[in-house]
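K.L.:
As they're listed, the protein sequences go chains A and B.
In terms of this note's numbering, the first sequence opens at residue 1 and continues consecutively.
In terms of this note's numbering, the second sequence opens at residue 128 and continues consecutively.
Keep in mind the hints are simulated off the structure, nothing from the lab.
Where hints are given, some of them may not hold.
[Unchecked claim] Straight line, CA to CA, 27 Å or less: simulated DSS-like cross-link-like pairs of lysine-lysine: (1) A:Lys40 to A:Lys78; (2) A:Lys40 to B:Lys510; (3) A:Lys40 to A:Lys67; (4) B:Lys309 to A:Lys67; (5) A:Lys78 to A:Lys67; (6) B:Lys380 to B:Lys309.
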Amino acid sequence: VTAVPFAADATPVVVVADDEIHVVDVLGLLLEPLGVRVVKAYNGEQALAAAREHRPQLVLTNVRMPKVGGIEVCRRLKDGQGNDSVAVVLITSLPHEDLPACGADDIIQKPFDSARVEECARRFLGR
Amino acid sequence: VEDELLQGSLAALYERAPCGYLFTRPDGTIVRANALFLQWVGLARDDLGGCRFQDLLTLPGKLFYENQYAPLLRLQGFVNAVAFDLVRAGREPLPVLITSIRQDDDAGQPALVASIVLDATDRRSYERELLLARQRAEQLAAIVTESSDAILSLAPDGTLQTWNAGATRLLGYAAEAMVGRKLWDLLELPGGDAADEAIEATLRAGRAVQMEAVATGADGRRVDVSAGLTPHPGPLGELAAISAILRDIGERKALERQQRDFLSMVTHELRNPLASIRGYAQIMQRRGEYLERGIEVILTQSRRLERLIGDLLDVSRVEAGQLHLRREETDLVALALSAADQARALTRAHAVRFEGPGGPLLGRWDRDRLEQVFQNLLANAMKYSPDGGAIVVRVENQGCEARVSVTDQGPGIPPEALPALFGRFFRTAEARASGAEGLGLGLYISRSLIEAHGGRIWADSTLGQGSTFTFALPYTVLGEAS
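Given only the sequences and the hints, what does the whole structure look like? Please build it.
P.N.:
Now the structure itself:
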């Protein structure tokens, strides 16, 4: 573990989690130009591990994923223990009304517009 | 003078009475009868000579008269309101009620019998109506008893008063356990206690209530029911009773759930490839540059969408019975080899191997549709053996049919999942949990295609050792023009 949580010069970290490799790649290509470091995860377990290790400001997670789903990822990140300032945004193809409450800060519908993803990232990263 | 008038009036009353008056000797010989009685039996006063009352009765009546009626009359001096049928020339027998009183002479010997004869036609038809009404009531009761629906009657406050066999079948409680309890305690309504009150208010206003609810069965299981409640007002318009019909709608609910799941699955499966396609297209548009990787993803994901749409179309064709084959001379070995080649190009983790005859294996089959089956089986073999291993495509000639099997070395399929594997939208719990893409249509479509060829398809699997999917195709199909 090399990340230093509150170093003044730290590059903001965003964790992106989706079991679709291509979606993760697209999100990475959209976010990197904003000057953030993107950590990629392909299921909920990896997303939680990445969040513990890299202390991200923002987690973008798909909902339907193997092992641990996005709702559970959000709940565990928002349970008040540890990095509770992290913003969690769900990226999902499911309609809003099918999503159980989990304390997510925003929801982006798939297929998404790149502008929507950038706007969301800027808002939560303060950029 | 008054006495004379009185005598005359009595005689007139006697003649014109609305009932028959009859006087006989103890042996039944008619001494005198009034006009109405004579009219009933179709006799003139002069014809009566020697005629006996019992000769005017139907045979059963005559026997009853001789064996019961006359002895009783001798014994107790009177008989009250006994039913007989009077025989009438050329007409239906007339049902009557007869009351008789014996008159004795001075020596105490029976001398005369006086009888009043009442027309019992109305009474007989009332009896018949009553009988019919009772039969109808019994039929209705049988319908209630034997219905597969729960048919219940309730007091205005919801207390159960009857509980039919259908209710016992539906929920498992015996009638004794339920009568006296409140129906509301059994039903879980979408609105909770507030819903109970709203229902009661509607019923008190005289309107019926139709709703869906969940009932709790005796064994604790939850039963989806539709419930119809009908208010029955009393004489003053107050709520006097409630009838309730509960019907099991579990099957419909399961179908609705399946459709909802399917829709959300389709949405998910269609939107994911779209997300990648749109994402890469926007990135390239914005940067104004050509990304090799982006183009590749756009092409593979649009092919994935095309396959999904094709599968959905095939399913609707199968459901509509409009799956048509284009049979032509087809070499199964060549098809298997080409499918194995294609699969090899898609995976680095698996070793795809062909086993089979060195020469062609020909039959009249639909080449494109069989190719589709190969692709489905091979895609499954790859998808569900994520750790790699060997995938063997085997083709065998079995004389009257050709057999093809695809074997993988994945974790295998739990035995309880095997029977449902080829059903529509079926995915094993393991498949869902693994997050592997798919709508659960591939095997359903494959089965439909193989069965359209007159063949059959099945799966064998051992947990921890892998699965084998096999299909058998007959070379000729009886009754089908070549």
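K.L.:
Determine for every hint whether it applies to the structure shown.
P.N.:
Each hint tested on the structure:
1. A:Lys40 to A:Lys78: Satisfied, since the Cα-Cα distance of roughly 20 Å is no more than 27 Å.
2. A:Lys40 to B:Lys510: Given that 27 Å is the threshold and the Cα spacing comes to 22 Å, the pair holds.
3. A:Lys40 to A:Lys67: holds (16 Å)
4. B:Lys309 to A:Lys67: violated (45 Å)
5. A:Lys78 to A:Lys67: Roughly 19 Å between the alpha carbons, so the hint for Lys78 of chain A and Lys67 of chain A holds.
6. B:Lys380 to B:Lys309: Holds, at about 25 Å.
In summary, the one numbered hint that this structure violates is 4.
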